[in-house]
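Heads up, the sequence shown stops at 291 in this note's numbering, and the numbers go up one at a time, no gaps.
Think of the hints as simulated: they come from the structure by calculation, not from any bench.
Among the hints, a few may not be true.
[What the hints assert, rightly or not] Here are the computed lysine-lysine pairs in the DSSO-like style, where the Cα-Cα straight-line distance is at most 27 Å:
#1 Lys69 x Lys79
#2 Lys193 x Lys117
#3 Lys69 x Lys83
#4 Lys69 x Lys117
#5 Lys83 x Lys117
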Amino acid sequence: MIWLLLCAIVPAAIALALIAWHKWIAPWRQVEELATEIGRGEQPRTFLVHGGAQAQRIGLRLEKIFQDLKQLDKQIAKRESGMQTIFSSMHDALLVVDSNRRVILTNDMFRKLFTLPEISVGTPLLEILRNPALDQAIANASGRGESIRSELTVDASQIEIHAVATRNDAGEITGALVLFHDITELKKMDQIRRDFVANVSHELRTPLSILRGYIETLLDNPKTSREEFLRILGVMERHSKRLDLLAQDLLTLAHLESANPNLQLGNVDLPSFFEEMVRDWEKKLA
């Protein structure tokens, strides 16, 4: 009798266990597997959960979450692509670091400027670049929250750097952003301008000194002979004309820098030019 009872209970228990497994345990394990795959960013083969209605509803919600994540990933990728396009088209080099001086972002111009390979996010800046001026600018910007301007030399190029602190939504400093602008040509143009001003000053000083010298001569010698007086007046006239020509030359240079200069080329009579110079200075050097 006992054996008959056991034979009836065991199959019933197994049947109940199988029913419980399929109805309650298996569905939740399937839900757990779905959540794990979604967490890894993998596409589950199916979101259909076999079992109770509650487990099935959770499976459908997981599917909705997965679709939303895919859409969000697409939006992020599109935004990152747009940002990279903007950064790549920039003429200035760009560097963004966090508060620990780890690289967050660079653009192509930065890597080209310092001849660097592709830089991984999170790489310590000191591992790829050591520059005291840059380190100091980043330290001042991220340490004091100030906008810092400085200059550094890279090979033969003069680079102006502008460093500012980056902040989170709470206003806390999270790192620094640095822009690098090549001012080599500007420096050269500034030097050319300085040289030009110096040369113009010299050219103006020469006729003025001659005029002044002859004026002093006439003042010191009021009884200068008529012949000498006329000769001096001739020299002074030539140099007054020379001053006028210098003024015209300056206007010509300004015209040459305009968008549509009208150039008229001609020959220079060098022998006559040097004869005039000798004649002007022979009295002074005598």
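Here's how the hints hold up against the structure:
Note on Lys69 and Lys79: the hinted pairing holds, with a Cα-Cα distance of about 15 Å set against a maximum of 27 Å. A hinted pair counts as satisfied when its Cα atoms are at most 27 Å apart, and Lys193 with Lys117 qualifies at roughly 22 Å. Of the supplied pair hints, the one linking Lys69 and Lys83 holds, its CA atoms being roughly 21 Å apart against a limit of 27 Å. Restraint check for Lys69 and Lys117: the C-alpha separation of about 44 Å exceeds 27 Å, so the hint is violated.
Taking the CA atoms of Lys83 and Lys117, the gap is about 25 Å. The hint holds against a cut of 27 Å.
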